[in-house]
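2 protein chains.
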Amino acid sequence: MLVSGGVDSAVCLALAKSQGLEPHALTFNYQQRHHVELEAARRVSDALGAVHHLILDLPLRKIGGSALTADLDVPKNVPLGEIESRIPVTYVPARNTIFLSFALGWAEVLECGDIFIGVNALDYSGYPDCRPQFIEAFERMANLATKMAVEGAARIEIHTPLIRLTKAQIILKGVALGIDFGITHSCYDPDARGAACGACDSCILRRKGFLEAGIPDPTVYAR
Amino acid sequence: MLVSGGVDSAVCLALAKSQGLEPHALTFNYQQRHHVELEAARRVSDALGAVHHLILDLPLRKIGGSALTADLDVPKNVPLGEIESRIPVTYVPARNTIFLSFALGWAEVLECGDIFIGVNALDYSGYPDCRPQFIEAFERMANLATKMAVEGAARIEIHTPLIRLTKAQIILKGVALGIDFGITHSCYDPDARGAACGACDSCILRRKGFLEAGIPDPTVYAR
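From first to last, the protein sequence lines are chains L and Y. For the first sequence, this note's numbering assigns the number 1 to the initial residue and increments by one for each residue that follows. For the second sequence, this note's numbering assigns the number 1 to the initial residue and increments by one for each residue that follows.
Careful, some of the hints might be misleading.
Which copy? The list can't say, so a pair holds if one copy fits it or any two copies do.
Below, simulated SDA-like cross-link-like pairs (lysine to any residue); rule was C-alpha separation at most 20 Å, straight line [to be verified]: (1) K62 to T166; (2) K17 to F210; (3) K173 to R61; (4) K208 to R164; (5) K62 to V78; (6) K62 to N29; (7) K62 to E111; (8) K62 to V51; (9) K17 to V150; (10) K62 to V109; (11) K62 to H52; (12) K62 to Q31; (13) K62 to C112; (14) K208 to V175; (15) K62 to L110.
Honestly, the hints are just simulated from the structure, not real lab data. Note that this is a predicted model, so its numbers are computed, not measured.
Here chain L stands alone, though its shape is the one from the complex (with noise of 0.2 Å):
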């Protein structure tokens, strides 16, 4: 399970642990801005139960391309109508293929074929690798890709269970799975101490979600 230590891997976390799996998480060091989510990933699995916590480091400012991995400034204050409706600078090159492919191989030392991913969109940046069609055709890749699928050991399932969800909804459901949402981190810009910007695409689909489920956000905003 891909955990980054937002409010949707932790809400995919816990709803596997519900479910009486043995969720593996994994996340990535990726010389990413916001490498304080590293700390919040570390607290969400600890938290929710994980029965393990790999973290791995990629390097992914020698590629760039993306305002998280090189230096280009992270928008501020975007209208909510634009952040869904163009792929803005925060997206990462391949992110999150190259994550699912780690947690392929991960899957496949482990002889398990269940992938979690928290992907969701509807309430998102419009980033084109968290869409139902691209986990689809990356499910349909990795059963052609690896030698538990092909010699059929294990059908390899790339579960998205919020896909389709709503951040409020994904809050609520968070909620009643008892989750305290502050240990979690989603903004992409915070200043030295940690504290979340409150104006990047992130902070603000995050306010967004706590609003319309009625719910306090405990995060500490800059402003």
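Place chain Y on chain L using the hints.
Positioned in the frame of chain L, the structure of chain Y alone reads:
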């Protein structure tokens, strides 16, 4: 273009160069047992005219599951019929999926839709991620995964010019292109001085290819 420093990627690079392309070479230090191949990848990229050579560090020993990335013995002197009929312990879980994912991200930053990989589905080790059906599924997925493809800037194409050639045909093509194969490296289990073992599957397939081509193999074998 993925460049490992072996025969196939050298020919693939020379072929692209001969067609007037400007190849960007991508190599992975994935903590492979035969990391000596990184030197070969540098020599190949330099000698055959890559316009840029990027080496990325990947922590694949944290995942393991292969004789190339974990403490498992590399099989020696396996009969040819057997090499071609089963997936061996040198298979690295999801390796080509991981490698192509990084190539996809880099291609997007370079604003280039053409990715080359020197896979070969005839004289090979039975790895599932070298087969045409895997490559086609990856290409389809890539065109749903990326901003470049979704916004219509470029269609992504995974080029595999060697996929239906025998190792002997690949070597003859390389000779015609003027490649000195002395700069390449194939062995999975070289000795401390970097000399090829002569007995792993990769050495056996290389030796067979040179024999069938009627070309002297410049490799120094330990035995």
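Now for the hints, and whether the structure bears them out:
Taking identical chains as interchangeable, the C-alpha atoms of K62 and T166 are never at most 20 Å apart, the minima being 34 Å within one chain and 35 Å between chains. In this assembly of identical chains, K17 and F210 lie within 20 Å of each other by CA distance neither inside one copy nor across copies; the values are 23 Å within and 54 Å between. In this assembly of identical chains, the alpha carbons of K173 and R61 never lie at most 20 Å apart, being 35 Å within a copy and 36 Å across copies at closest. Proximity of K208 and R164 under a CA criterion of 20 Å is satisfied intra-copy only: 17 Å inside one chain copy versus 53 Å between copies.
When the C-alpha separation of K62 and V78 is checked against a cutoff of 20 Å, the pair qualifies neither within a copy, at 28 Å, nor between copies, at 39 Å. With identical chains, the CA atoms of K62 and N29 are at most 20 Å apart both within one copy (13 Å) and between copies (14 Å). Taking identical chains as interchangeable, the C-alpha atoms of K62 and E111 lie at most 20 Å apart only when they sit on different chains, with a minimum of 16 Å there against 32 Å within one chain. Taking the shortest alpha-carbon separations for K62 and V51, only the inter-copy value of 16 Å comes in at or below 20 Å, while the best intra-copy value is 32 Å.
When the C-alpha separation of K17 and V150 is checked against a cutoff of 20 Å, the pair qualifies neither within a copy, at 29 Å, nor between copies, at 35 Å. In the homo-oligomer, the alpha carbons of K62 and V109 lie at most 20 Å apart only across protomers (11 Å), although the nearest pairing inside one protomer, at 28 Å, exceeds that limit. Within a single copy, K62 and H52 get their C-alpha atoms only as close as 29 Å, which misses the 20 Å cut-off; across copies the closest is 13 Å, which meets it. In this assembly of identical chains, the alpha carbons of K62 and Q31 lie at most 20 Å apart whether taken from the same copy (10 Å) or from different copies (18 Å).
Taking the shortest Cα distances, K62 and C112 sit within 20 Å of each other only across copies (17 Å), while inside one copy they are farther apart (31 Å). Taking the shortest alpha-carbon separations for K208 and V175, only the intra-copy value of 16 Å comes in at or below 20 Å, while the best inter-copy value is 63 Å. Only between protomers do K62 and L110 lie at most 20 Å apart by alpha-carbon distance; the minimum there is 12 Å, versus 30 Å within a single protomer.
Checked against the numbered hints above, the structure violates hints 1, 2, 3, 5 and 9; every other hint is satisfied.
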